[in-house]
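*Asks:* Go by the hints and put chain U onto chain E.
Those sequence lines, one after another, are chains E and U.
Heads up: the first sequence is residues 1 to 334, going by my numbering.
Heads up: the second sequence is residues 1 to 334, going by my numbering.
Hints are computed from structural coordinates only; laboratory data are not their basis.
Among the hints, erroneous ones may be present.
[Unchecked claim] Simulated crosslink set (SDA-like; lysine to any residue; CA at most 25 Å straight-line):
#, chain 1, residue 1, chain 2, residue 2
1, U, Lys322, E, Asn289
2, U, Lys183, E, Leu220
3, U, Lys267, E, Glu300
4, U, Lys268, E, Ile182
5, E, Lys265, U, Lys210
6, U, Lys183, E, Gly181
7, U, Lys265, E, Ile158
8, U, Lys5, E, Met307
9, U, Lys322, E, Asn174
10, U, Lys221, E, Asn174
11, U, Lys38, E, Gln155
12, U, Lys183, U, Asp144
13, E, Lys267, U, Arg320
14, E, Lys225, U, Lys210
15, U, Lys268, E, Asp298
16, E, Lys291, U, Glu41
17, E, Lys283, U, Lys265
18, U, Lys283, E, Gln155
19, U, Lys268, E, Asn301
20, E, Lys283, U, Val271
21, U, Lys264, E, Asp298
22, U, Lys183, E, Ile182
23, E, Lys221, U, Lys264
24, E, Lys322, U, Ser324
25, E, Lys221, U, Arg184
26, E, Lys257, U, Lys265
27, U, Lys7, U, Lys38
28, U, Lys204, E, Asn174
29, U, Lys225, E, Gly152
30, E, Lys33, U, Asn301
31, U, Lys33, E, Asn305
32, E, Lys225, U, Pro59
33, E, Lys28, U, Tyr316
Keep in mind the model is a prediction, meaning the values are calculated, not measured.
2 protein chains.
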Amino acid sequence: MDIQKLKEDLLKGKRRALAKAITLIESKNPHHKELARKLLEGILPYTGNSVRIGISGVPGVGKSTFIEVFGLYLIERGHRVAVLAVDPSSQITGGSVLGDKTRMEELSRREEAFIRPSPSGDSLGGVARRTRESIFLCEAAGYDMIIIETVGVGQSEISVASMVDMFLLMQLPNAGDELQGIKRGVMEVADAIIINKADSDNIKRAELAKKQLENALGILKRQDKDWQTPVILVSAREKRGIDEVFSTIDRYVKMRKSSGAFEKKRKKQSVDWMWSVVMEGLKSLLESNEKISSIARDMENAVINQMTTPSLAAEYILSRFKESLCEGGAPWRG
Amino acid sequence: MDIQKLKEDLLKGKRRALAKAITLIESKNPHHKELARKLLEGILPYTGNSVRIGISGVPGVGKSTFIEVFGLYLIERGHRVAVLAVDPSSQITGGSVLGDKTRMEELSRREEAFIRPSPSGDSLGGVARRTRESIFLCEAAGYDMIIIETVGVGQSEISVASMVDMFLLMQLPNAGDELQGIKRGVMEVADAIIINKADSDNIKRAELAKKQLENALGILKRQDKDWQTPVILVSAREKRGIDEVFSTIDRYVKMRKSSGAFEKKRKKQSVDWMWSVVMEGLKSLLESNEKISSIARDMENAVINQMTTPSLAAEYILSRFKESLCEGGAPWRG
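Chain E extracted, bound-state conformation:
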């Protein structure tokens, strides 16, 4: 594979090159990994110039419909839009609902748009890692609005929130007892809440839901005191509220950039990401050592059965691990 050519085509914004590049970074083949490394290092100087937006919501909330309408709205305004999916369920299904090509038909036909399904057959960690690198590739290809879409499965929202500049939570227009609960931790990471399907006979309930959510948000303290999470009524179907979503994103990004919080968050996200990969690597270093991983399992049982304390068990695992490291070659060799 000609990486130089791929890089040039990518920087020219060719969609096929972008698709090919993402396939390359998703590959588990060692040779491909090496090529992917070269490519990523080559395009890094051309990355970062985008707004990264996370969108989460339960199935049926209308994410695809909204993203299609919103994506076309952005294109009208001269933006180039990439849509990436983080969908751990594709791990089970082997094929992602979010990747369904019949979704966002009109958007996907536009040259200014790029839509990529979630890599399937991978853990959330794996999906997240590849998505983070796909963001770089999309940016190098000139996409200045990157939308990371996820269903509310497990920890996926938290994972997506850690890779975007702004996180949008989509809700159904349910109020009162019908108001669907928001999963622990998700309300905390939402920079704005979109109530979709606020149309026809839903409007009253949508407005009540907005009021109730605003009250709840008023009680939760944000780290950035200069932003109060807004609740926006939208009808993707009737294309209403789209401009308010856009102006909210615009206002948030301008505010964060002028305060320096925008850059600061991206740098923190990168450093945190680096360390999380290091820690994963250290853990797999320990787990790849059969003797130590069986000791760890024994210690887990000892702790559960109150035969030792967690910290004493941990110290034992660590000491045995240190001993083993240099016995007849380190555990990861060969």
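*Replies:* Positioned in the frame of chain E, the structure of chain U alone reads:
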């Protein structure tokens, strides 16, 4: 030091022995650490038989007043009460506000009560670890109600929530715009919210605050569907609402025990704790290696300056770390 004697006195419930044992596990002296290990292993069979309650709230909310009144209430009902503090601020002050002996005067005079300040001059991680082991010691000494108190500093509430059976959040009777925001993540771990100082001319505001908090809680989804976080009005000063706090704890514990969730959570907490100590150990293994830690610093900067991707940087750190491990003795030797 005669560990056997200490253990016997501890199991007899002697407060001086308990105080001495906690001082031992807090010691950083290697010989003491070894003795502490022996003691902990000796008393483990006698641990676990308590209800561990976390209480958090901003300074001024009236934690001490409440805990004194509540502690005496528990003693009246035949319980033995231990109060431990997790106060990272003692790290800075060198002495803990929570440890102030003049607090809880009446409670501290009771033989059935044991009050221990937060170990000072230590990180939150260190405080948390020693507190977790102190819980075991208190249980071995026959204290069946363990209260872990913390101020809302940094991550201390989350840390405390991870070591208790039930987490109580104390709030001031402020409503409307005065209603103090609840820190991100804390609302999620609260199993009950206590609004203190609900007396005299505060009552109306306290009732409004209760209503507003209940609305907010209604929107947040709990993992355990069979419990809705209650909001309880209390006046520690006028000793009102104390019985409702007790009956709420009693109801929660009975519900969790009958469903098996009580034991399950404790086991998970122990295993999570073990792994967090292992991961800390692995990280310090890496950081204690001067060459690697300087490489890590360089990589952090490279990532921040977009000269490499976080995962490529992480892979580089890991590969250099693996190489270094067996060069002329492992990094932790000597």
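*Asks:* Work down the list of hints and note, for each, if the structure agrees.
*Replies:* Hints and how they fare:
no.: 1; hint: U:Lys322 <-> E:Asn289; verdict: holds, 13 Å
no.: 2; hint: U:Lys183 <-> E:Leu220; verdict: holds, 6 Å
no.: 3; hint: U:Lys267 <-> E:Glu300; verdict: holds, 9 Å
no.: 4; hint: U:Lys268 <-> E:Ile182; verdict: holds, 24 Å
no.: 5; hint: E:Lys265 <-> U:Lys210; verdict: violated, 35 Å
no.: 6; hint: U:Lys183 <-> E:Gly181; verdict: holds, 19 Å
no.: 7; hint: U:Lys265 <-> E:Ile158; verdict: holds, 22 Å
no.: 8; hint: U:Lys5 <-> E:Met307; verdict: holds, 21 Å
no.: 9; hint: U:Lys322 <-> E:Asn174; verdict: violated, 54 Å
no.: 10; hint: U:Lys221 <-> E:Asn174; verdict: holds, 15 Å
no.: 11; hint: U:Lys38 <-> E:Gln155; verdict: violated, 40 Å
no.: 12; hint: U:Lys183 <-> U:Asp144; verdict: violated, 30 Å
no.: 13; hint: E:Lys267 <-> U:Arg320; verdict: holds, 23 Å
no.: 14; hint: E:Lys225 <-> U:Lys210; verdict: holds, 24 Å
no.: 15; hint: U:Lys268 <-> E:Asp298; verdict: holds, 15 Å
no.: 16; hint: E:Lys291 <-> U:Glu41; verdict: holds, 24 Å
no.: 17; hint: E:Lys283 <-> U:Lys265; verdict: holds, 23 Å
no.: 18; hint: U:Lys283 <-> E:Gln155; verdict: holds, 24 Å
no.: 19; hint: U:Lys268 <-> E:Asn301; verdict: holds, 11 Å
no.: 20; hint: E:Lys283 <-> U:Val271; verdict: holds, 15 Å
no.: 21; hint: U:Lys264 <-> E:Asp298; verdict: holds, 18 Å
no.: 22; hint: U:Lys183 <-> E:Ile182; verdict: holds, 17 Å
no.: 23; hint: E:Lys221 <-> U:Lys264; verdict: violated, 31 Å
no.: 24; hint: E:Lys322 <-> U:Ser324; verdict: holds, 13 Å
no.: 25; hint: E:Lys221 <-> U:Arg184; verdict: holds, 6 Å
no.: 26; hint: E:Lys257 <-> U:Lys265; verdict: violated, 42 Å
no.: 27; hint: U:Lys7 <-> U:Lys38; verdict: holds, 10 Å
no.: 28; hint: U:Lys204 <-> E:Asn174; verdict: violated, 30 Å
no.: 29; hint: U:Lys225 <-> E:Gly152; verdict: holds, 18 Å
no.: 30; hint: E:Lys33 <-> U:Asn301; verdict: holds, 23 Å
no.: 31; hint: U:Lys33 <-> E:Asn305; verdict: holds, 23 Å
no.: 32; hint: E:Lys225 <-> U:Pro59; verdict: holds, 21 Å
no.: 33; hint: E:Lys28 <-> U:Tyr316; verdict: holds, 18 Å
Taken one by one, the earlier hints fail for this structure at numbers 5, 9, 11, 12, 23, 26 and 28, listed in ascending order.
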